[in-house]
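**Student:** In order, the protein sequences belong to chains A and B. Heads up, the first sequence is in our numbering, so the first residue is 719 and it goes up one at a time. Heads up, the second sequence is in our numbering, so the first residue is 3 and it goes up one at a time.
Worth flagging that the hints you see were computed from the coordinates, not collected in a lab. Please note that the accuracy of each hint is not assured.
To be verified - Distance condition first, Cα-Cα at most 16 Å in a straight line; then the derived EDC-like pairs of lysine to aspartate or glutamate:
no.	chain 1	residue 1	chain 2	residue 2
1	B	Lys-204	B	Glu-145
2	B	Lys-237	B	Asp-60
3	B	Lys-200	B	Glu-188
4	A	Lys-769	B	Glu-344
5	B	Lys-200	B	Glu-118
6	A	Lys-765	B	Glu-118
7	B	Lys-237	B	Asp-59
8	A	Lys-769	B	Glu-148
9	B	Lys-239	B	Asp-5
10	B	Lys-135	A	Glu-941
11	B	Lys-204	B	Glu-188
12	B	Lys-135	A	Asp-748
13	A	Lys-765	B	Asp-157
14	B	Lys-239	B	Glu-11
15	B	Lys-67	B	Glu-145
16	B	Lys-67	B	Glu-188
17	B	Lys-67	A	Glu-731
18	B	Lys-204	B	Glu-148
19	B	Lys-239	B	Asp-59
20	B	Lys-142	B	Glu-180
21	B	Lys-67	B	Glu-93
Unchecked claim - What follows is a list of derived Cβ distance ranges for each label pair:
no.	chain 1	residue 1	chain 2	residue 2	range
22	B	Glu-196	A	Pro-886	54 to 64 Å
23	B	Ala-37	A	Pro-880	49 to 59 Å
24	B	Ala-276	A	Tyr-989	32 to 42 Å
25	B	Glu-196	A	Phe-864	51 to 61 Å
Stated by the list, open to error - Some chain A residues near chain B, calculated using beta-carbon distances under 8 Å:
no.	residue
26	Ile-734
27	Asp-936
28	Val-1002
Using N, Cα and C, we set each Cβ at its ideal position, and we do this for glycine too.
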Amino acid sequence: MAETTLTTKPPEEVIILRPSRGWIALNLRDLWRYRELIYFLTWRDIKVRYKQTVLGAGWAVLQPLLNMIVLSVIFGSFAKMSTGGIPRPIFTFAALLPWGLFSKALSEAGRSMLSNRSMITKIYFPRLIIPLASVLGGTVDFAIQFVILIGMMFFYNFAPTPAILILPLFLFLTLATALGFGLWLSALNVLYRDINYILPFFTQLWLLITPVAYSAQDVVPPEWQLVYALNPMVGVVEGFRWALLGAQAPPIETLLVSASISIVLLVTGMYYFRRMERTFADLV
Amino acid sequence: MSDIAIRAENLGKQYRIGMQIERYRTLRDSIVDAAKLPARLLRGEQDSGNNTIWALDDVSFEVRKGEVLGVIGRNGAGKSTLLKILSRVTEPSAGYAEIHGRVGSLLEVGTGFHPELTGRENIALNGAILGMKRAEIERKFDEIVEFSGVSKFIDTPVKRYSSGMYLRLAFAVAAHMEPEILVVDEVLAVGDAEFQRKCLGKMSDVASQGRTVLFVSHNMSAILRLTQETIVLEKGKLVMRAPSAQAVDYYLTSGFAQTGEHYWQADEMPTDAAPFCPIALRVRNPAGQIVDTARSLEPVIVEVEYSLSAAISGLRVGIYLMSTHGEHIFTSFDTDDQSRYERYTTRPAGHYTSRCTIPADLLNEGRYIIGMNASSFRVQRYFQDEYALAFTVDAAGAPGMQWLEPRMGAIRPRLDWQVEQKDRLPAGRMDAA
């Protein structure tokens, strides 16, 4: 037999295939090995999203701007809720950033497995990449909106406080929450297709119970604060606004409750996804 | 480091069929199920059903490094399921498999191609999906574009490509994967003849580079050309592993009743065959008897019986003759002859038999496969069954039978030889004038 020379000769790895049962390991090493694919799929989703639109990336900005206007009118002019001294447009727009990432993750991740079904049924790669890439695709929009927000802050002569140093923490928390929900939804949607149909409805409701256009301290009575904090987006939005705009800091208990829910959802989401992964190629 | 590339032991894959069937539920069922629902939701269980099939059943085999193994079997035998398991697309339900080395799968070309992206972008995307690193893709980019022949259109969105260009580009990317183990499933079945030739060429390059290849195909000549050994799957079970010629022969001749006729069952009939309905294919000797062995000294009569539920115009009904090595010997239609073509332009509804006679002293000894085709040229193919019936030709009395030696080739015509003596040479002189 002729000598085979390959350009790189990695140490030989042996892959064992056998039926798995119950909960299985996350296999993050495999995920790391396919990291380039995460980049490519994210890139693909972003490119395709804006390829044939007139405004292109402008849509990323238009949507939250419109949302902000509507919410400001309803909660500001009509309901006259307080913003703690921060100009209402910034108050609302800042909260719409993490909210946008989250709601996009809900809808995109839910569909992601089904829209990629041809890849799932033909090729091996860690399936976690699919919802991961769909959530990461939202970060580009997030970044664009962030730049707009900075612009708005300049416009209103609004300076950030030292709390801005904690911003990366809340960015991470936003992503973790979006990903946690995204993983659960993408896995569940493969099994129960009607989940994606009720989703828009739930997202709308969710917006109302998240302190995007109002401040939690003002609206929610103190005895209900902790129950309210079970909505992980509460901690994310209030924390984000506090770090970036110097709004009133949310009580530490609220942050802890929300953050733990986020982390729990993320971790359980990953394990649940991995457990259901064996059925995806057969069910999708 | 062992020299085994793939080892499979008792691999099995079970599928639930009819999962979406709604059964009539009693209130008791509903309540009990509702109570169990949270637990069941999490475990992802569906309604229990007794409708399961084992697409793969107790399959065990080994593939050594550098071997090129063919996998053949009828539709539904489990070939694609086996490849899916070995490519880690799906999990086995039972058994165990070991893979030594990186697996590259060609289960379908163009997976992951997005119509909105340009050819260039799709090469990068598809390459990444197939497991190539970005550096690797960049290095091979020019080669891939060159192989595909679409360099002029490489920056236009793929949705503008013709299907031929699309296939060529997709295959070009896939062909430049460099896995240790290559798993190919019928990819070569799509595309025009030139494309198929290019694919086969590339496949044999890959095979000759010493990579392990697992090749599933219905194309027996491709199997014979590319593979050394072949396994035959039947209804999920591995029934044979042998040198390719033997396996192909077994596959082509097994399942044929030794009766000289083949009746088509209702479930073999595709729905778009109507109004054409094939009934039977038969081989008869000159006395009119149905036989499974014909003598090369006698003409062989092949008849196709069919019915038309409505008139068809431009219909031609014909047969293929193939050797058990997968070689096509001839194709012949009942309206090949000009006068018949004019006479039977339209066939009204009714019951028909098209009968032809293969002349005596034509076929060599051996086993042959007859296939049937009913179509109208460039309009529609009503029905085709390439491996419908097998029969044997016995060469007793054929030319040259006084020497008991096998003759190569499918035909053994009785040619009229003449021996002419020009000159007498004096004994001892070797050269001619």
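**Student:** If a hint holds in the structure, say so; if it doesn't, say that too.
**Tutor:** Right, here's what the structure says about each hint:
1. At most 16 Å may separate the alpha-carbon atoms for a hinted pair to count; Lys-204 of chain B and Glu-145 of chain B meet this at roughly 13 Å.
2. The straight-line distance between the Cα atoms of Lys-237 of chain B and Asp-60 of chain B is roughly 11 Å, inside the 16 Å bound, and the hint therefore holds.
3. The hinted pair formed by Lys-200 of chain B and Glu-188 of chain B meets the criterion: a straight-line CA distance of about 14 Å does not exceed 16 Å.
4. For the given pair, Lys-769 of chain A sits about 56 Å from Glu-344 of chain B by alpha-carbon distance, which is inconsistent with the 16 Å threshold.
5. With a CA separation close to 27 Å, the supplied pair Lys-200 of chain B and Glu-118 of chain B exceeds the 16 Å bound.
6. Simply put, Lys-765 of chain A and Glu-118 of chain B have alpha-carbon atoms about 9 Å apart, close enough for the 16 Å limit, and the pair holds.
7. With a C-alpha separation of about 8 Å, the suggested pair Lys-237 of chain B and Asp-59 of chain B falls inside the 16 Å cut-off, and the hint holds.
8. Proximity of Lys-769 of chain A to Glu-148 of chain B is assessed by CA-CA distance (about 27 Å); at most 16 Å being required, the pair is judged violated.
9. Pair hint Lys-239 of chain B plus Asp-5 of chain B does not hold up; C-alpha atoms about 25 Å apart against a cutoff of 16 Å.
10. Distance hint between Lys-135 of chain B and Glu-941 of chain A is unfulfilled; the C-alpha atoms sit about 55 Å from each other, more than 16 Å.
11. Pair hint Lys-204 of chain B plus Glu-188 of chain B holds up; C-alpha atoms about 14 Å apart against a cutoff of 16 Å.
12. Under the criterion of a C-alpha separation no larger than 16 Å, the hint pairing Lys-135 of chain B with Asp-748 of chain A is consistent with the structure, at around 14 Å.
13. The suggested pairing of Lys-765 of chain A with Asp-157 of chain B holds, with an alpha-carbon distance near 15 Å, which does not exceed 16 Å.
14. A C-alpha spacing of about 12 Å is found between Lys-239 of chain B and Glu-11 of chain B, which places the hinted pair at or below 16 Å, so the restraint holds.
15. For the suggested pair Lys-67 of chain B and Glu-145 of chain B, the alpha carbons sit about 27 Å apart, so the restraint of at most 16 Å is broken.
16. At roughly 22 Å between alpha-carbon atoms, Lys-67 of chain B and Glu-188 of chain B are farther apart than 16 Å, so this suggested pair is violated.
17. For the suggested pair Lys-67 of chain B and Glu-731 of chain A, the alpha carbons sit about 14 Å apart, so the restraint of at most 16 Å is met.
18. The suggested pairing of Lys-204 of chain B with Glu-148 of chain B holds, with an alpha-carbon distance near 14 Å, which does not exceed 16 Å.
19. Restraint check: the Cα-Cα separation between Lys-239 of chain B and Asp-59 of chain B comes to about 5 Å, which is no more than 16 Å; the hinted pair holds.
20. Among the hinted pairs, Lys-142 of chain B with Glu-180 of chain B is consistent with the structure: their alpha-carbon atoms are about 11 Å apart, no more than 16 Å.
21. A C-alpha spacing of about 23 Å is found between Lys-67 of chain B and Glu-93 of chain B, which places the hinted pair above 16 Å, so the restraint is violated.
22. Distance hint check: the CB atoms of Glu-196 of chain B and Pro-886 of chain A are about 57 Å apart, consistent with the given range 54 to 64 Å.
23. A hinted range of 49 to 59 Å for the beta carbons of Ala-37 of chain B and Pro-880 of chain A is consistent with their spacing of about 54 Å.
24. Evaluation of the 32 to 42 Å hint for Ala-276 of chain B and Tyr-989 of chain A yields a failure: the beta carbon distance comes to about 52 Å.
25. For Glu-196 of chain B and Phe-864 of chain A, the hinted distance range of 51 to 61 Å is satisfied, since their beta carbons lie about 53 Å from each other.
26. Given the 8 Å rule on beta carbons, the hint for Ile-734 of chain A holds: about 6 Å separates it from the nearest Cβ of chain B.
27. For Asp-936 of chain A, the interface hint is violated, since its Cβ never comes within 8 Å of a Cβ in chain B; the closest pair sits about 36 Å apart.
28. Taking 8 Å as the C-beta contact cut-off toward chain B, the hint placing Val-1002 of chain A at the interface is violated, the least distance being around 11 Å.
Comparing the model with each earlier hint shows violations of hints 4, 5, 8, 9, 10, 15, 16, 21, 24, 27, 28; every other hint is respected.
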